[in-house]
Amino acid sequence: MIGEGGREPTSEAPPRFERIPADEEFIQHPVKVAEAVLQAAIVAAFMLFWFNISMMDADEAIAEKYSLYISLAAFLSIVGITAWVAYWRWRRTTIRFGETEMTVFRDTVFKKQIRIAYSKIASTNVNRGIVNRVTNTSRLMININSSVNAFAPELKLTFGTEVSDRIRANLSQKMYGNNVIPADESGTPSIVTITKTDVILHGLLSQPTGSAIFGILMFFFGIYQMITATGDFASGMVAILLAFFSYAVPVVAMIFHYFNYKIYRAGDTIYISHGFVRTYHKSFKVSKINAVRISSPMIPRLIKRYMLDAEVVGLAASDGDNSNKRSPLLCPMKDRGTIERVMSAIVPEFVYEVEMKNQPREAAKPIFIRAAIWSLVFAAAAYLFYDTMVNMQSAEGIAMEYIAAAVISVSALAVVGLFVNGVMSRRIVQYGRGEDKFTFLVGVVDRKITTMSYDKVQMAEVEGGPFSRPYGLARCKISLLSSIGSQNIRSGYFDSEELEAISEEVVARIKDGRYDHKIYL
Amino acid sequence: MMRGKMSDEFKVDENGLTTDGYHVLTKRSVGSMYIGNAIALAVLSVIVYVIYAYSSQFYEVPGIYKALLLTAYALIAVYLAVGPAVYYARYRYRIDEDRIDIRKGILVISHTVVPIERVHQLEVARGPINNLFRLADVTITTAGGIASIQYLEIPVAEEIADSLNAYVTEILRKRE
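If you read the protein sequences in the order shown, they are chains A and B.
Each residue of the first sequence is one higher than the one before, starting from 1 at the first, in the working numbering.
Each residue of the second sequence is one higher than the one before, starting from 1 at the first, in the working numbering.
Treat the hints with caution; some may be incorrect.
As the list claims (entries may be wrong) - In silico lysine-lysine, DSS-like type, Cα no more than 30 Å apart, as pairs:
| id | chain 1 | residue 1 | chain 2 | residue 2 |
| --- | --- | --- | --- | --- |
| 1 | B | LYS11 | A | LYS477 |
| 2 | A | LYS120 | A | LYS511 |
| 3 | A | LYS518 | B | LYS174 |
| 4 | A | LYS262 | A | LYS304 |
| 5 | A | LYS196 | A | LYS448 |
| 6 | A | LYS262 | A | LYS156 |
| 7 | A | LYS477 | A | LYS448 |
| 8 | B | LYS104 | A | LYS511 |
| 9 | B | LYS104 | A | LYS357 |
| 10 | A | LYS437 | A | LYS477 |
| 11 | A | LYS156 | A | LYS111 |
| 12 | B | LYS174 | A | LYS437 |
| 13 | A | LYS120 | A | LYS437 |
| 14 | A | LYS448 | A | LYS262 |
| 15 | B | LYS174 | A | LYS174 |
| 16 | A | LYS304 | A | LYS357 |
| 17 | A | LYS437 | A | LYS304 |
| 18 | B | LYS174 | A | LYS120 |
| 19 | B | LYS174 | A | LYS511 |
| 20 | A | LYS437 | A | LYS518 |
| 21 | A | LYS365 | B | LYS104 |
| 22 | B | LYS104 | A | LYS437 |
| 23 | B | LYS104 | A | LYS477 |
Don't read these hints as lab results, they were simulated from the structure.
Taking the hints into account, I'd like the entire structure generated from these sequences.
Right, dumping it as structure tokens:
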């Protein structure tokens, strides 16, 4: 449901946090020291545990006698040194928030001063793990608008929750010029209602089709191996473990990650919060979005489910250290109508009327030539595999009729798959251009509709291969800043001149002033 | 534009420009490419020889594997031998007031356009082979990726880097 709830977040909302004067100095919460010590203790304990295990195998009596004392001494030394260094760094690191920039100064042996202009900050995010919840603290993550540091936030600062909220509110004011503050987050209704079922469905269905199929196949193969008399229990276990790590773990991680999902827009800023154990609060300006993508792997598409995400530089880093490949999700799996309504409400800047064109008839030729080449490669690989198995048969006594049947079936399926992919691709892959945006639709199996603004294109490359050039066709590669640094988005085969028009438009907009860099600051 | 038959469009006038205003590479670049490719071929030959000569000592390699290995080697050798001439003939670049435009390729021909407004960093780099031929590459870094103009004469490379750098600095200065 869109726009439910009464209160619309507006820029008139009164600020609830005291303004931070330029001369006020902050130091982080002491839990920062505890976190460092805890991490070091875990790593040290793990390493020393293995050291002790290896010592048990040693023949020398002295090793057996003293290894425990050595380990204990080493553990205490590591923890002690870490605590001392962490305390020293914590005590001597100060943070100030000036009128135009924030400064972090570390006055230790290795002196460091980091100055970040508010205009360069792409997003400020709050991340709360178990330690933070227990100690009532928050980790404030600040990302700048740079592809170089997209994988890691520029600053990770830990403060008490109130201090963190106050800082974030002040930063929000300085960066976005609005008064929407973190304290409003709990009271502001989400633009779309995401139920627990939606989150579970999103976790289950949003995995790429390849890993879903692999996981399911491995699971059933493992079960078969474990319960049949001819099967091998150990290989069954391995298959089930593979299924577990390739499919089950990402699914559970995704469900935990997007639990209690909420999104709303206030002025030009989008706020997203979610998380079950660790909670995430992200905020970024709409102008920092480089592309918006509607995607749907094959399985959810069968039940007409799609998801919406955006490429925002630096946002991958907001998830912390364990999941830095995610672009911010604007809507978990929902029906297409809801996705389009969310898009209109959250990012109307990326909604436009466009006539999408299919790949031209001539595109069938390079598509099928590629399919034929890949089929040949696949058939050759299958033959070589079969040949190798024949050579091994004399030694191992493998039933060749089964191997041959399997190789022929897999090869035939692959060849058919490649040609079906070609036929479908002719119908599915599309390209459309509007006044200030353009869209690529790609993916026969896992479909993606990416809408990009000309003003965000960093580089455009039109490539024509030996099989497409004779028909005047080419493919286009667009380089953008993205959540993970930079990303290339490729089109299908279209008339090369139509694709060249993208770079022409990018340059024309810069030249005639339609591109205004100030809009994107 | 990319129906690319080699034709008059590669003829160079007295200013060193093609009919559509693109620069072509200096002839010396072909020598640099050939030396680079010769080194690559030598390394590849050693690898293929080692695989061919020694693999049979541990495992009875079926004839088809050896045939495939030699075919792949021959194809790569032909590519490395013919590649530089085609690359040279097709390489064109143009730097206008608003864009850097590079067309290149052997089998796949690419046309890269980098708006100058998007340029973040410029670098002139010379490897030992290029140094031998007094050539350099200009690497253009944008926020979304990297493009390069290769095998330029050193003064040309430095002039391009300087002028682009000045232009980018001017854009930034105007914005402040």
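So, going through the hints one by one against the coordinates:
Of the pairs offered as hints, the one joining B:LYS11 and A:LYS477 holds, with about 29 Å between alpha carbons and a cut-off of 30 Å not exceeded. Note on A:LYS120 and A:LYS511: the hinted pairing holds, with a Cα-Cα distance of about 24 Å set against a maximum of 30 Å. About 12 Å separates the Cα atoms of A:LYS518 and B:LYS174, which keeps this hinted pair within 30 Å; it holds. In summary, the hint linking A:LYS262 to A:LYS304 is supported, as the alpha carbons are separated by about 22 Å, within the 30 Å threshold.
Using a Cα cut-off of 30 Å, the hinted pair A:LYS196 and A:LYS448 holds, with the two alpha carbons roughly 25 Å apart. A hinted pair counts as satisfied when its Cα atoms are at most 30 Å apart, and A:LYS262 with A:LYS156 qualifies at roughly 23 Å. Distance restraint check for A:LYS477 and A:LYS448: the Cα-Cα separation of roughly 15 Å lies within the 30 Å cut-off, and the hinted pair is therefore satisfied. For the proposed pair B:LYS104 and A:LYS511, the alpha carbon gap of about 25 Å is at most 30 Å, so the pair holds.
A hinted pair counts as satisfied when its Cα atoms are at most 30 Å apart, and B:LYS104 with A:LYS357 qualifies at roughly 28 Å. At most 30 Å may separate the alpha-carbon atoms for a hinted pair to count; A:LYS437 and A:LYS477 meet this at roughly 15 Å. Taken as a hint, the A:LYS156 and A:LYS111 pair is honoured in the structure, with Cα atoms around 18 Å apart against an allowance of 30 Å. For the hint linking B:LYS174 to A:LYS437, the alpha-carbon distance of about 27 Å falls within 30 Å, and the restraint holds.
The hinted pair formed by A:LYS120 and A:LYS437 meets the criterion: a straight-line CA distance of about 24 Å does not exceed 30 Å. Simply put, A:LYS448 and A:LYS262 have alpha-carbon atoms about 23 Å apart, close enough for the 30 Å limit, and the pair holds. For the suggested pair B:LYS174 and A:LYS174, the alpha carbons sit about 23 Å apart, so the restraint of at most 30 Å is met. Distance check on the hinted pair: A:LYS304 and A:LYS357 sit about 22 Å apart at the alpha-carbon level, within 30 Å; holds.
In summary, the hint linking A:LYS437 to A:LYS304 is supported, as the alpha carbons are separated by about 26 Å, within the 30 Å threshold. With a C-alpha separation of about 17 Å, the suggested pair B:LYS174 and A:LYS120 falls inside the 30 Å cut-off, and the hint holds. At roughly 15 Å between alpha-carbon atoms, B:LYS174 and A:LYS511 fall within 30 Å of each other, so this suggested pair holds. Between A:LYS437 and A:LYS518, the direct Cα distance comes to roughly 18 Å. Compliance with the 30 Å bound is thereby established for this hinted pair.
Between A:LYS365 and B:LYS104, the direct Cα distance comes to roughly 23 Å. Compliance with the 30 Å bound is thereby established for this hinted pair. Proximity of B:LYS104 to A:LYS437 is assessed by CA-CA distance (about 27 Å); at most 30 Å being required, the pair is judged to hold. Taking the CA atoms of B:LYS104 and A:LYS477, the gap is near 15 Å; set against the 30 Å cutoff, the hint holds.
Consistency with the previously given hints is maintained throughout, with no hint failing.
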